[in-house]
Amino acid sequence: MTSVTMAPEAPAAAGSRLARLHPLTQLGIVGLLALAALLFEWPVGVAVAVVSFVLAAAAGRAAAFFRVWWKTILVLCLIILVLQTFFIPGETVVAELGPLRATQEGLDKGIGFAGRVAGIGSAVLLLTVILDVHRLVLALEQRGVNPRVTYVILATVNIIPEMRKRMTVIMDAQRSRGIETDADVWVRARAFIPTIGPLILTSIVSVEEKALTLESRGFSIRGPRTSLESLDDPAGERALRKALIVIAVLVVVGGVLQWVL
Amino acid sequence: MGAVTLENVSFAYEGAEEAKVLQGIDLDIRPGEFVSIIGANGSGKTTLCNAIRGFAPKFFKGEFAGRVLINGRDIADEEIGELAKEIGFVFQNPFTQMSGTARTVYDELAFGLGNLGLPRDEIIARVDEMVQLARLQDLVDRNPFQLSGGQQQRVALSSILVMAQDILVIDEPTSQLDPQSTDDVFELIERMKGQGRTIVLVEHKMEHVAAFSDRVVLMDAGRIVDVGTPREIFANPRTAAIGTRLPQALTIARQLEQVGIRFEVSPLTTDELVGQLEPRMVR
Numbered sequence: 013m014t015s016v017t018m019a020p021e022a023p024a025a026a027g028s029r030l031a032r033l034h035p036l037t038q039l040g041i042v043g044l045l046a047l048a049a050l051l052f053e054w055p056v057g058v059a060v061a062v063v064s065f066v067l068a069a070a071a072g073r074a075a076a077f078f079r080v081w082w083k084t085i086l087v088l089c090l091i092i093l094v095l096q097t098f099f100i101p102g103e104t105v106v107a108e109l110g111p112l113r114a115t116q117e118g119l120d121k122g123i124g125f126a127g128r129v130a131g132i133g134s135a136v137l138l139l140t141v142i143l144d145v146h147r148l149v150l151a152l153e154q155r156g157v158n159p160r161v162t163y164v165i166l167a168t169v170n171i172i173p174e175m176r177k178r179m180t181v182i183m184d185a186q187r188s189r190g191i192e193t194d195a196d197v198w199v200r201a202r203a204f205i206p207t208i209g210p211l212i213l214t215s216i217v218s219v220e221e222k223a224l225t226l227e228s229r230g231f232s233i234r235g236p237r238t239s240l241e242s243l244d245d246p247a248g249e250r251a252l253r254k255a256l257i258v259i260a261v262l263v264v265v266g267g268v269l270q271w272v273l
Numbered sequence: 003m004g005a006v007t008l009e010n011v012s013f014a015y016e017g018a019e020e021a022k023v024l025q026g027i028d029l030d031i032r033p034g035e036f037v038s039i040i041g042a043n044g045s046g047k048t049t050l051c052n053a054i055r056g057f058a059p060k061f062f063k064g065e066f067a068g069r070v071l072i073n074g075r076d077i078a079d080e081e082i083g084e085l086a087k088e089i090g091f092v093f094q095n096p097f098t099q100m101s102g103t104a105r106t107v108y109d110e111l112a113f114g115l116g117n118l119g120l121p122r123d124e125i126i127a128r129v130d131e132m133v134q135l136a137r138l139q140d141l142v143d144r145n146p147f148q149l150s151g152g153q154q155q156r157v158a159l160s161s162i163l164v165m166a167q168d169i170l171v172i173d174e175p176t177s178q179l180d181p182q183s184t185d186d187v188f189e190l191i192e193r194m195k196g197q198g199r200t201i202v203l204v205e206h207k208m209e210h211v212a213a214f215s216d217r218v219v220l221m222d223a224g225r226i227v228d229v230g231t232p233r234e235i236f237a238n239p240r241t242a243a244i245g246t247r248l249p250q251a252l253t254i255a256r257q258l259e260q261v262g263i264r265f266e267v268s269p270l271t272t273d274e275l276v277g278q279l280e281p282r283m284v285r
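So the sequences go chain by chain: A and B.
Read in this note's numbering, the first sequence has 23 at position 11, and its numbers run on one by one without any break.
Read in this note's numbering, the second sequence has 187 at position 185, and its numbers run on one by one without any break.
What the hints contain is simulated information worked out from the structure, not anything from laboratory work.
Keep in mind that a hint or two might mislead.
Claimed, not checked - Cβ-to-Cβ under 10 Å is the rule here; a few derived chain A residues that face chain B:
id: 1; residue: Leu-166
id: 2; residue: Val-217
id: 3; residue: Val-219
id: 4; residue: Glu-220
id: 5; residue: Thr-225
id: 6; residue: Arg-229
id: 7; residue: Phe-231
C-beta: ideal position from N, C-alpha, C; glycine also.
Start from the sequences, fold in the hints, and give me the full structure.
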């Protein structure tokens, strides 16, 4: 009888070339973008946001990127802009809204701050839509990172849907006891404590049992481990990462010089 | 030499005000033996399992006395993780027995073998074999967290069985499962028994205890009050008196005896009950 193995191939590397890059290369690219947005003036931040969107589109994740981008980064930037414009004191008043005065100085600061936030936020968001955490963990393990550290990274990502599922069960249970959970903000706020309490308690118990599970599976055994999966790290990408490091150093030097001069 | 030997083991959880959860436990389990531990809730069954695996007192802190020997070695001298090479442990809750890192059932099965550092080819061969054995072919590509409780428990049990430890401690594996999932889990346990593994099982479904066990340990208030074959234990009136449920076949037989139907041997399983009643049936 012939045996057909069902062993998995290398972890998901589907999609565009960007998505197939080694996770450390992806981290390098995103890190460089974020660094540039942080160290230079707002036009660079805006440019980084645009580049991030273009790269997400190139990776076939434009919709996922934009869906989160406008709900989080855009809203955050607008709030920053409005607050800075109206609450940073200045001599040049550009508009008045009741007792509030928008100043040119506040507007300048708001644009500068919001531009940086837009750049850094967009770069981080790009990472979330192109990075496969399993591949990242594998890459880290191949570089000798302690499995306990990589476990925490993976388990944290995986626990979110589990917690969401548990939250739904708890809310159903509380509803069956007559606690209203779906209505206006005030009702939802009152339902928060009877919902979050059991969630925290069951999570604590789960952590204990999870620790026993890991011990039972030999997680704390000393010695080398075997992974079924392996990641390719082509010479071209290794060279690219070195180039990214050099560029990052230049960016830092450029940013510092810009402040000094 | 016993596979599992407990010598005068006592244990009290740290900070607990009540009496010791285990008191003066002496037990010797032979290699390849299937021993079930029964008793009312709070009688110390789960703590006994934890003591055998070394979780008490190494994970659950408390006052421990006595010795637990695995294949003749005192586990007090062993690292808690290293014991995974010799003892498999499966517990009640299927939902918390997923590693949390695997994105497919296949990866979940391979997780423990990877921790043991086995060669890749051997891991693949063993996982493939376990997939066939546990009939998990339809689940291998599924996310472990997306499975039903019964499926998760089969995966959890398989994830331990694939590590091929000589000793398995299984604590109420079917307490949260439906009848079909329960049968699936016991089918797997039966196969492990067939492979000659030493099995320590805590279970409330007495029909399964009666059907599979070589010996049954009856516990009450942290002590072992009786040890014997399933027939000896369930025939003893003390077993029911301390709140332990009897196998359904035996309960029916006892009720039939009250209306004058006698049994030569107390039936423990449905097959035994039917086997003794069938010759007397008027067709």
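Inset, instruction - Run the structure past the numbered hints and jot down the numbers of the failing ones, going up. - result: none
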